[in-house]
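**Q** Those sequence lines, one after another, are chains F, P and B. Going by our numbering, the residue at position 184 of the first sequence is 184; the numbering climbs one at a time, nothing skipped. Going by our numbering, the residue at position 65 of the second sequence is 65; the numbering climbs one at a time, nothing skipped. Going by our numbering, the residue at position 184 of the third sequence is 184; the numbering climbs one at a time, nothing skipped.
These aren't lab readings, by the way, just hints derived from the structure by calculation. Computed from a predicted model, the values in this text were never measured in an experiment. From the three backbone atoms N, C-alpha and C, an ideal C-beta is built for every residue, glycine too. Do not rely on the hints blindly, as some may be mistaken.
Claimed, not checked - Just so you have them, the derived chain P footprint on chain B, three or more residues with Cβ under 8 Å:
| # | region |
| --- | --- |
| 1 | 5-18 |
| 2 | 271-283 |
Said to hold, decoys possible - The following label-pair restraints were derived from C-beta to C-beta distances:
| # | chain 1 | residue 1 | chain 2 | residue 2 | range |
| --- | --- | --- | --- | --- | --- |
| 3 | F | 149 | P | 254 | 41 to 51 Å |
| 4 | B | 137 | F | 240 | 50 to 60 Å |
| 5 | P | 330 | F | 68 | 29 to 39 Å |
| 6 | P | 254 | B | 129 | 39 to 49 Å |
| 7 | P | 339 | B | 137 | 21 to 31 Å |
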Amino acid sequence: MLEGAESLRLWGETLRALGRSPGAVIGGGLLLAILATSLLFPWFTAADPLAQDLLARLTPPCWQEGGSLAHPLGTDNLGRDVLVRILHGSRVSLFVGFAAVLVACGSGILLGLLSGYYGGRLDSLIMRVADVFMAYPFMLLTISVIAVLGNSILNLILVLGLSDWVTYARTVRGSVLSIKEKEFVTAARSVGTPNRVILRRHIFPNVLSPVLVLGTVRVANIIIWESGLSFLGMGVPPPMPTWGRMLAEGRVYITDAWWLVTLPGLAIMLTILAINLLGDGLRDALDPRLRNIPR
Amino acid sequence: MRKTAIILAVLWAAALAVQPAAAKDPDTLVVVQEAEPVGLDIMQSSIQTTMSVGYNLHDTILKPQEDATVKPGLVEKWEKLNDLTWKFTLVKGATFHNGEPIDAAAVKFSFERLMGDALKSPHRGKLNLFKGVEVIDERTFTMSTSEPYAPGLYMLAQYLFIVPPKYVQQVGDAEYNLKPVGCGPYRLERWVKGQEVVMTAYEKYYGPKPAYKRLIFRGVPEEASRIAALLTGEADVVSGIPMHQRPKILASGKAYLTDQMGSMNYLGLNTYEKPFNDVRVRQAVNHGVNRELINQALFQGKAILCRGPISPRTFGADPTLKPYPYDPEKAKKLLAEAGYPNGFEARLAYGTYMPQIQEQAEAIAADLGKIGIRVKLEPYERAVMWERYKNRQHQMFIYFWDDAPEPDRYMYSLFHSKSRDYYYKNETVDRLLEKGRTTLDPAERAKVYHQIDRFLYEDAPWVYLYVIPEVYAVSNAVEYKGLRDGYLIMSTARPRK
Amino acid sequence: MARYILKRLWHTVYVAVGISLISFFFIHLSGDPVLLMLPPDASKEEVETLREQLGFNDPLAVQYLRFAGHALRGDLGVSLVHRVPALDLIFERLPASLELAGAAMLFALAVAVPLGILAAVRRGSLLDLGSMLAALFGLSMPHFWLGIMLVLLFSVHLGWFPTSGRGSFAQLVLPALALGLSLLAMFARLTRSVMLEVLGQDYVRTARAKGLRERLVIGKHALKNALIPLVTVAGMQFGFLIGGTVIIETVFAWPGVGRLVVQAIFSRDYPLVQAAVLVLAVLFVLINLLVDLLYVLLDPQISYGGGS
């Protein structure tokens with residue numbers, strides 16, 4: 001039913017549906033702009049996000065008294081340029097967010113596919129492990145892993161990713177269970193197609209959409225969560241800035257340097273807004289039931 | 001839906017009906033620290049916030065002073081019998097909060113409890129030169145050391161806490177940690193875990209009575225929340241105020257600031273390995289850190305620049321030394337002489353729990369970058385930092401010690417090879433440190449520490465940074481002056497007229 | 001039904017065993033607490049003696065079995081830092097955690113459900129757009145930031161609520177608000193999307209077509225079906241909240257379990273971390289069991305007898 005051309009057609013339709021939703025267009029556009037900025041800004045500025053000027057610390061943004069165009073968005077507690085740091089921070093924050101989701105998604109999809117398709121003992125083993133992970137206090141797991149392994153970017157991505165695989169695995173497993181009884185799968189099996197091929201070619205493409213929706217939104221959560229970890233002193237290690245750490249470190253200056261907490265906060269907010277708008281649009285587009293609701 | 005609307009309305013009304021905390025009882029003093037105590041038996045913990053609570057419930061036998069001398073406390077007079085032995089006489093009629101008498105037997109019991117294996121007290125190393133307590137009669141006892149020990153009385157004043165033998169034996173150590181009976185100016189009323197420790201003035205206290213009838217300690221970890229509590233009048237005394245908050249607190253017109261003991265931060269170097277095994281490299285690093293600018297920028301110029309390893313405020317610091325001047329050119333020259341014309345890469349570890357540490361580490365790293373040392377920052381939380389420290393895994397590390405009034409307290413612990421042979425060892429220093437603790441004449445003793453200070457200044461096993469005085473904010477309604485030895489002894493607080 | 005509950009209780013047991021295994025081995029990889037428990041000038045012999053006393057010299061498997069054996073008798077060890085039984089410490093703090101999580105949850109649901117329904121019913125209206133945009137902002141504020149802002153506004157500036165601590169109702173308001181706002185955003189979005197889905201279903205359309213009053217359609221048919229996913233998510237979130245409010249607890253000096261455990265992690269207080277993880281996990285499973293049983297109340301058609 002959903003093979004080859006058919007599957008392509010569906011994706012095309014989804015994209016078209018996305019195009020019809022103003023939220024998705026705005027969100028997608030915004031996200032593209034943010035990604036492009038974070039990738040391309042080095043062509044326009046070579047300023048060092050770590051360059052300090054202790055004598056010019058806590059300079060306000062240029063439109064405020066005492067500010068200067070040399071630092072359009074002001075400087076932080078060590079006299080570093082806030083704009084340059086936000087730009088550099090975007091790379092780390094977005095990278096951590098997307099990479100962690102990728103890890104979670106990847107392991108979740110894999111385990112969900114195996115669990116749903118093969119069933120039996122493997123299924124119950126994976127699902128039991130999932131139960132345990134689900135019940136393990138996630139926050140404490142993250143904190144204790146980082147406390148032990150140290151807070152490198154890699155550790156952060158792995159732990160944030162691996163503590164989140166259960167949701168994906170369960171979602172995928174559910175979809176697999178319903179798909180594997182479908183005609184096109186049983187047909188493939190009856191002509192002796194190996195399981196590996198069936199999984200890759202027939203099942204995998206058809207379980208992606210709910211995971212995609214889930215994943216987009218989780219990127220946003222992880223960016224926030226990294227900020228919370230920074231607050232506890234366990235986020236991405238210094239000196240590379242992330243939005244979350246700028247926010248967490250700026251909080252002690254909350255009453256005398258508003259720009260330190262407001263501007264990176266704004267960056268987070270915009271990104272999350274974009275991601276969520278896109279995610280909502282994606283969900284609407286992928287779920288035909290929602291399309292038929294009278295307005 | 002109507003139901004939810006009603007619930008909402010009720011919640012909102014309830015929220016509005018609650019008045020802000022009613023005017024506080026003028027007889028109550030509220031102290032807010034960064035953490036609540038982990039226990040109330042002061043013998044069982046060496047955490048500063050815990051000990052600050054404990055010092056109000058428990059007394060030692062003497063009162064430690066800012067210049068490393070002592071004044072009478074539970075012990076009203078003492079005399080030196082010989083270089084190894086002191087004889088002490090207790091005040092008459094002093095009692096524990098449960099009425100048990102404070103006698104020489106109680107002192108003996110307390111010393112033995114502190115040093116015993118059962119308690120595993122973190123303080124026992126501090127008194128291990130003392131051999132024991134000999135009871136002479138009810139009010140007199142002697143204590144002797146295995147070798148002449150100059151800081152002896154001061155150490156007793158700081159760490160020989162007196163506990164009631166009968167009560168302790170009756171309830172056991174675990175229970176005593178929750179419901180201690182002490183002999184300090186305040187007695188425990190209740191400890192609501194996670195919320196507050198409430199104490200009331202002990203009416204039969206042998207010393208001067210505290211001005212406030214009631215004393216409450218709370219723990220609030222977040223700095224912004226602590227300051228908020230001060231500004232709203234919920235707290236009278238607040239600890240852990242970073243320097244940059246000074247102007248704001250003063251400007252509020254609601255509180256003033258007082259300094260206490262400082263945190264003496266230093267940048268340790270692993271002198272056992274390249275490149276810091278070369279004294280020229282170590283001196284170069286000392287010339288490469290712009291302490292003065294860091295002080296101006298991060299501490300409003302209120303930190304005290306260090307010269308050598310002994311805090312400028314501590315007995316024995318050599319007054320003729322000057323802090324290493326900031327001189328990047330000289331630093332580069334020294335590095336080149338040592339064979340590093342292009343600098344090198346180095347790791348710099350620090351504990352994330354230290355106040356304002358991130359800023360300091362990044363500022364120092366930037367300074368070192370200018371002389372060609374490319375620094376990789378390694379933030380660790382408390383336990384890991386300590387573990388790696390003990391395992392000699394650090395290359396450069398920022399640590400700290402209180403700038404206590406008694407130099408032996410930290411100099412012996414940090415530099416004697418019998419104590420911490422982790423990153424530096426020197427026979428001359430060992431010998432001088434031993435001489436310092438056994439020289440009883442103060443003038444002679446000062447000379448020994450001057451010598452140590454100068455030697456280590458030259459040999460530079462650390463980059464000497466600065467002492468950051470610990471700042472306490474005090475409500476304008478209260479008169480309180482921070483004490484040099486660092487604990488919140490609230491019996492010295494008075495209402496302000 | 002009874003069989004179902006039994007099965008779920010068995011589920012609790014294996015989750016508990018799994019959790020205890022993971023946390024046990026993980027924590028023991030994390031470093032040596034003995035070095036932390038002794039003063040810096042302790043001798044090597046002192047270190048060894050203490051290690052022996054605490055049983056850290058035995059093989060890990062032996063240590064685990066010993067732990068499991070004690071745990072079966074309700075003894076989860078003594079905190080190394082606080083020097084009292086770990087379980088006592090946790091149960092002292094648990095009421096505070098439950099109180100905060102419960103208040104935040106109540107507040108969030110009370111506002112989010114009506115808001116989500118209204119937004120769904122008037123899909124595309126200004127109210128829908130506005131509230132969903134607000135929800136997105138709610139989702140994008142880190143807890144600590146929101147908490148500090150609330151303190152500055154409501155305590156320092158307006159003087160309505162105390163800054164921190166626990167004891168009175170007034171002290172509960174700000175932390176519950178800070179915690180509840182992001183939940184509110186999540187629930188409002190969830191309610192809206194579930195309602196949209198339900199409103200598109202045939203039986204609702206039939207009911208509408210039959211000319212039933214709109215309020216009845218929504219209240220009786222749609223809401224009831226929308227409640228199930230909402231309850232699931234709320235139950236799960238409640239489980240997370242009990243141990244997962246470290247940040248809010250830190251900002252408001254709230255004496256909950258989260259901060260206790262994070263402190264314990266930092267100071268390598270093995271027994272306490274272990275006990276807390278175990279207690280929180282079991283609570284999580286039990287709460288979810290309760291939620292499942294709640295379904296039966298919500299929808300008598302679901303039954304947990306034998307069969308499928």
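**Q** Next, verify each hint and record whether it holds.
**A** Taking the hints in turn, this is what the structure says about them:
no.: 1; hint: 5-18; verdict: violated (count 0)
no.: 2; hint: 271-283; verdict: violated (count 0)
no.: 3; hint: F:149 <-> P:254: 41 to 51 Å; verdict: holds, 45 Å
no.: 4; hint: B:137 <-> F:240: 50 to 60 Å; verdict: violated, 27 Å
no.: 5; hint: P:330 <-> F:68: 29 to 39 Å; verdict: holds, 33 Å
no.: 6; hint: P:254 <-> B:129: 39 to 49 Å; verdict: holds, 44 Å
no.: 7; hint: P:339 <-> B:137: 21 to 31 Å; verdict: violated, 58 Å
In summary, the structure is inconsistent with hints 1, 2, 4 and 7 from the numbered list given earlier, while agreeing with the others.
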